[in-house]
Amino acid sequence: MIRAAAFTALALVLAAPAFADTVVISGGTVALGDGSAPIPNGQVVITDGRIVAAGDIRMKLPAGTRVIDATGKWVTPGIVAGFSRLGLADVDAVDQANDTSSEGPFSAALDVATAINPEAAPVAVNRAGGITRAVVAPSAGKSIFAGQGALIDTGADSQPVTRARLFQFVELGEQGAAQAGGSRSAAHVLLRNALREAQQVAGGASPARDRAGRSGTDAQSDPVVSNPNESRSYDARRNQDVLLTRFDALALVPVVRGRQILLVHAERAADLRQVIALKREFPALRLVIVGADEGWTVARDLAASGIPVIASALSDLPAQFETIAATQSNVGRMRAAGVKVAIGTINDDDTRMAFRARWYAGNLVGIGKLPGATGLSWGEALKAITSGPAEALGITDVGTLAAGKRADVVIWDGDPLDNQSAAQVVMIDGVEQPLVTRQTRLRDRYRSLERGALPEAYRR
Amino acid sequence: MRGRGLTAAVFGALVVAGCATTGTSDKDEGERIGIPENPFPSTYQRYGGAPVVITGVTILDGEGGRIDNGQIWFADGKIQAVGQTVAAPAGTQTIDGTGKYVTPGVIDIHSHLGDYPSPGVAAHDDGNEATAPARPEVWAEHSVWPQDPGFSRALANGGITTLQILPGSANLFGGRSVILKNVPARTVQGMKFPGAPYGLKMACGENPKRVYGEKGGPSTRMGNIAVTRQTWINAKAYKRKWDEYEKNGGEAPEQDLAMDTLKGVLEGKILVQNHCYRADEMAQMIDLSKEAGYQISAFHHAVESYKIADLLRANGICSAMWADWYGFKMEAYDAIPENIAFVDRAGACAIVHSDDPNGIQRLNQEAAKAMAAGKRAGIPITEEHAWTWLGINPAKAIGMADRIGSLKAGKNADVVLWNGNPFSTYTRPERVWIDGALMYDANNPRLRPVSDFELGQTGEGDVK
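Line by line, the protein sequences are chains A and B.
Last residue of the first sequence: number 460 in full-length UniProt numbering, and the count goes up by one each step with no gaps.
Last residue of the second sequence: number 464 in full-length UniProt numbering, and the count goes up by one each step with no gaps.
One chain only, chain A, in its complex shape (with noise of 0.2 Å):
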C-alpha cells in the first residue's frame, strides 16, 4: 500500500517543475504516526512544504536533490502537543506574563489566537523537543466557559496560529462546579442555559431534540422535561442575560450549530456519563473530551458514543475525589475497548512541558510488560501523540508521514519515545527550524567557570 502510494505520488513529483523544493530524508528508521510499526531503513520525501512520501520507498531522484542522511536515526512527524496552554505564557506565575485565563467579563467569547506569542521562550523549548503543533486552550476564569482555542505550530516566525478557533473549552466535573458557583449540578444548568441563549441569538430553531423526541424549541417552552439536568431555571433567567453576554453567546452559536468543537474537560466516570448524554440531548454537537482520568471505566459507554478522548498518559493518584479511579493503564484499556484516544498534557505543566509527551508515551509502551496493566504499541504510542489528537480535532493534514499531509517531520538521533533521546532536526511545513532557545544560550555561556578576561555577560 504505502509502495504503491509513494510511487503514484513521485510520478506527481517528477512532473512538477518546482523540483528544487525537495528534500529527501534517507536511511534512518521512520515511523509514520498512523499507529503502525517504525520501518527500519526508511525514506520521506518532502516537496514545497508537504509530504510526497514516506516508508518503505526508494524512488530515484533527479542530481542535486538534497538529501539527508538519517542513517541511525528515526525520523517521525513533529508531535503534536494534545492539549496545552503553550504559547500563553513566558512564566506562569508572573500575572503579566501569563494569559491563559482571565477574571474579565468575557468567557467563551475569548479567542487564544489573539494572545499566542510564537516568541514565548516555551515555544522554542518544546519546538527544540520536537514539538511542531500544539493544541492551545486557554483555562477557564471566572466562567465554566474558558474561551476558544487554537492549534498553532511552534515555527519561529510570526505566524504561529494553524487554526483558530478550533474548538470552545469548557470545564465541567470539579473545576467547572466550582466556577459555577460550587456545585456540578450548577455547571450543567450554566451550560444548558448558555447553549440555549446561543440557540436564541443564532435566531432559529435548534436541531436539538430531547429523548421525547420534542424539538429544543419544544423542550425550551415546556419546563417538564424528561432528562433530570434539563433545568427549569432557564425560562426565568433568560431574558434578563446574567449568565452570559451577548458576545459570549455569539460565540457559542457554531457550538450549538456543530460548526465548532465542544472541548469538555472532565474526569469522573459519572461526569463522563453526563458528557455522553449531552450527546443524545443536543445532537449537533461535536465533543471531545480531555482528561477521562476515570475513562477505562466507562471505556465501552465512551467508545460507543464516538467521543474523541484526550487524556493524561500517567495519571495514577486520587489526587482529586474526582480521580480516584486513576491508573497508568487508563490510555490503554480505552484504546483497547475501541475508544478514540491521544495524550495530552492536561493541567500538567501545560504552558511550557509538552515536550515531556513523549516520554509519557513511551511509558505507556513499557506498562505493557506489567502483568495486569494495559498499555500501548510502540506504534500506537506515537500516534496518541501525533496523528491522534490532531485526528480528535478534526485536523486531517497534520500529525503523520503520509502523501499529501503538511511536512511537519523531526529527525531524532536515536528512539523518540525514549528520555535519552533528542531531536536532531524539526521541519514545520518542510521548513527547517533553529533549535537555539535561551536554555542552549545558557549552557553555552556557563560552560566554563573559569574567570575570563571580561565578565560572564560578554559572552555571547
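Keep in mind the hints are simulated off the structure, nothing from the lab.
Since the structure is predicted, the reported quantities are computational estimates derived from the model, not experimental observations.
For every residue, glycine included, the Cβ atom is placed at its ideal position computed from N, Cα and C.
Some hints could be false.
[Stated by the list, open to error] Here are the computed lysine-lysine pairs in the BS3-like style, where the Cα-Cα straight-line distance is at most 30 Å:
| id | chain 1 | residue 1 | chain 2 | residue 2 |
| --- | --- | --- | --- | --- |
| 1 | A | 279 | A | 340 |
| 2 | B | 209 | B | 329 |
| 3 | B | 269 | B | 290 |
| 4 | B | 215 | A | 142 |
| 5 | A | 369 | B | 375 |
| 6 | B | 100 | B | 209 |
| 7 | B | 100 | A | 369 |
| 8 | B | 247 | B | 215 |
| 9 | B | 408 | B | 100 |
| 10 | A | 142 | B | 209 |
| 11 | B | 209 | B | 247 |
| 12 | B | 209 | B | 239 |
| 13 | A | 142 | B | 329 |
| 14 | B | 375 | B | 408 |
| 15 | B | 241 | B | 290 |
[Stated by the list, open to error] Ranges between beta-carbon positions, derived for each pair:
| id | chain 1 | residue 1 | chain 2 | residue 2 | range |
| --- | --- | --- | --- | --- | --- |
| 16 | B | 316 | A | 96 | 38 to 48 Å |
| 17 | A | 455 | B | 316 | 22 to 32 Å |
| 18 | B | 460 | A | 338 | 19 to 29 Å |
| 19 | A | 94 | B | 456 | 52 to 62 Å |
[As the list claims (entries may be wrong)] Covered, in the sense of this in silico footprint (three residues per stretch, anywhere, with C-beta under 8 Å from a C-beta of chain A), are these stretches of chain B:
| id | stretch |
| --- | --- |
| 20 | 70-84 |
| 21 | 119-132 |
| 22 | 138-146 |
| 23 | 357-371 |
| 24 | 441-448 |
Assemble chain B onto chain A, guided by the hints.
Coordinates of chain B only, in the frame set by chain A:
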C-alpha cells in the same frame, strides 16, 4: 556536653533526665533539666524476608560501581555480598536477573507525600505553617498522613525506599523534616527511619517573600535575609544560655521549641535543607550560613547551580535538582537541562529530586534525561555514575550514607530489581525490597499496598 553521652531513649522517656555525670558544676549537684531529642521515637521494625541472591544481573551500586553479569546476596536485612560471584549459602532463594538491573533503593530527598497527600483537598493542606516567617518549631512528621496513596505509587513505579518529607517553602524557616521508610504503617512513627537525623527546611527567594508580603513581611529578598539573620542571632544566644547552664548549672533556661531546632543545627545534629533557586541567592545563603555558624547540607530546586558549581564544590554543598523543570516562576527562568551534569562535572554533589507526587514515580527517568543532556553537551557520564544522583549523594545529604544509598556489604538491604535498564522509559521496578523484606512484586498483585483511603474504592489494588 549535655545529652551527648546519654541515649536518645533516655531523653525520649522523660523531659527531666537525671544527669549521670558529676563534677562539672560547683552547685546544683542534683537533677539537671534536659531537652528531649526524640520525643516521637520510631517504632519501625523491619519485616521478615528470606535470604535472596540475584544472579546474572547488571549491578549499579549507587557509589559509581558497576558489575555486569554480577550477583548480589542479601539476608537478615543487610547486604551480605556484591560481586561477580558471591558465596551465598545453599538454599538461598535465587532470582535470575538476566537482562535486568539491580540498584539500591531510590532515595527522594525532597518529598511532601503525606503532608500534601492525595486527594489534594484543603483538609489535607498540611505542608506549610504559613503563620509566621520563622516556624522552626514545627515538625513535618506531625502533618504526615500515612495513608497517602502516593507512597505506594512511589514504591511500585519509582522504586522509592527512603524519602525525606519536608515542610513547604512558604516560611524562611519551615520546620523539621523527617526521614521515612517507604513501608506502610498505621502511624508515622511506624514509618520513621530509626536513628535518622532531622533536617531543617529553610527557604529563600520568591515563596516566603510572596506569602509574607501579604502578611506583614518580610516582603523583599532583603527582608528575607534580615529576618533569617536575626533568627540565627537569637538562636546563638539561646544556645549560649543552654551551654552555660549545662556547664555551670544554675537556673534552667526556658525551653523554646523553635530555638531547639536551630540549636540542633548549630550543633551539627540537624541538617539544613535549603530551598533556593538562583545562583546569586545561594551565594547569599552561603555567606549567611558562615556568619551564623552552620553548614548547608543541600540546596533544593537549585536550578541555577550550574552558574556557581565551583562555589558549591568549594563549600561542600549538594544541589538537589530537577532534570527539566523550568520557567514556572521567575526564579526558575534560567533552568537548563544540563544543570545536573554541569554540577556533577564541577565535582560538586548532584542529586535528582522530585518535590512532586508524580515525579517521584520516575526519578530514574529524570536521571536518565539529565545524563543524556550532559552527554549531548560533551560530558561523558556513565550509567553507574549517574546513579550516584539517586544513591549515595542523597544519602549523604540527609546524613544516612553509612546505612543506605549504595549496595555495599553491611548496608541496609534496600534493593530494586528493574525489569530492564532503569534509564529507559520502558523499564519499571519488578521487585523492591526494604531492609530485605519484599515490599513490592510486579508479578504478585498481593504484594501491592492498598492504603485505607483506597480500600473499597474503584480501582482498589489495581496496577496503577
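We went through each hint and held it up to the structure:
For a cut-off of 30 Å, the pair hint linking residue 279 of chain A to residue 340 of chain A stands: about 16 Å separates their Cα positions. This hinted pair checks out: residue 209 of chain B and residue 329 of chain B have alpha carbons roughly 13 Å apart, not beyond 30 Å. In summary, the hint linking residue 269 of chain B to residue 290 of chain B is supported, as the alpha carbons are separated by about 17 Å, within the 30 Å threshold. For the hint linking residue 215 of chain B to residue 142 of chain A, the alpha-carbon distance of about 26 Å falls within 30 Å, and the restraint holds.
With a C-alpha separation of about 29 Å, the suggested pairing of residue 369 of chain A with residue 375 of chain B holds against the 30 Å cut-off. Restraint check: the Cα-Cα separation between residue 100 of chain B and residue 209 of chain B comes to about 47 Å, which exceeds 30 Å; the hinted pair is violated. Under the criterion of a C-alpha separation no larger than 30 Å, the hint pairing residue 100 of chain B with residue 369 of chain A is consistent with the structure, at around 13 Å. Between residue 247 of chain B and residue 215 of chain B the CA atoms are separated by roughly 41 Å; this puts the pair beyond 30 Å, and the hint is violated.
A distance of roughly 19 Å separates the Cα atoms of residue 408 of chain B and residue 100 of chain B; the hinted pair therefore holds under the 30 Å criterion. For a cut-off of 30 Å, the pair hint linking residue 142 of chain A to residue 209 of chain B stands: about 27 Å separates their Cα positions. Among the hinted pairs, residue 209 of chain B with residue 247 of chain B is inconsistent with the structure: their alpha-carbon atoms are about 40 Å apart, more than 30 Å. Between residue 209 of chain B and residue 239 of chain B the alpha-carbon distance is near 28 Å, which keeps this suggested pair within the 30 Å criterion.
At roughly 23 Å between alpha-carbon atoms, residue 142 of chain A and residue 329 of chain B fall within 30 Å of each other, so this suggested pair holds. Distance hint between residue 375 of chain B and residue 408 of chain B is fulfilled; the C-alpha atoms sit about 28 Å from each other, no more than 30 Å. With a C-alpha separation of about 21 Å, the suggested pairing of residue 241 of chain B with residue 290 of chain B holds against the 30 Å cut-off. At roughly 40 Å, the beta carbons of residue 316 of chain B and residue 96 of chain A sit within the given window of 38 to 48 Å.
At about 26 Å, the CB distance of residue 455 of chain A to residue 316 of chain B agrees with the hint of 22 to 32 Å. Distance hint check for residue 460 of chain B and residue 338 of chain A: the Cβ-Cβ separation is about 26 Å, which falls inside the suggested range of 19 to 29 Å. Taking 52 to 62 Å as the suggested C-beta distance range, the pair residue 94 of chain A and residue 456 of chain B does not conform, at roughly 44 Å. Counting residues of the stretch 70-84 of chain B whose beta-carbon sits less than 8 Å from any beta-carbon of chain A gives 0, not enough to reach three: the coverage restraint is violated.
Coverage of the stretch 119-132 of chain B by chain A holds. Counting CB-CB distances below 8 Å, 3 residues qualify, and the rule asks for three or more. Coverage of a stretch by a chain is defined here by at least three residues with a beta carbon nearer than 8 Å to that chain's beta carbons; for the stretch 138-146 of chain B and chain A the count is 0, and the condition is violated. Taking a C-beta to C-beta cut-off of 8 Å, the stretch 357-371 of chain B contributes 8 residues in contact with chain A, enough for the three needed, and the coverage statement holds. Chain A is given as covering the stretch 441-448 of chain B, and this holds because 3 residues of the stretch bring a CB closer than 8 Å to a CB of that chain, at least three being needed.
In this structure, the hints that do not hold are numbers 6, 8, 11, 19, 20 and 22, in rising order.
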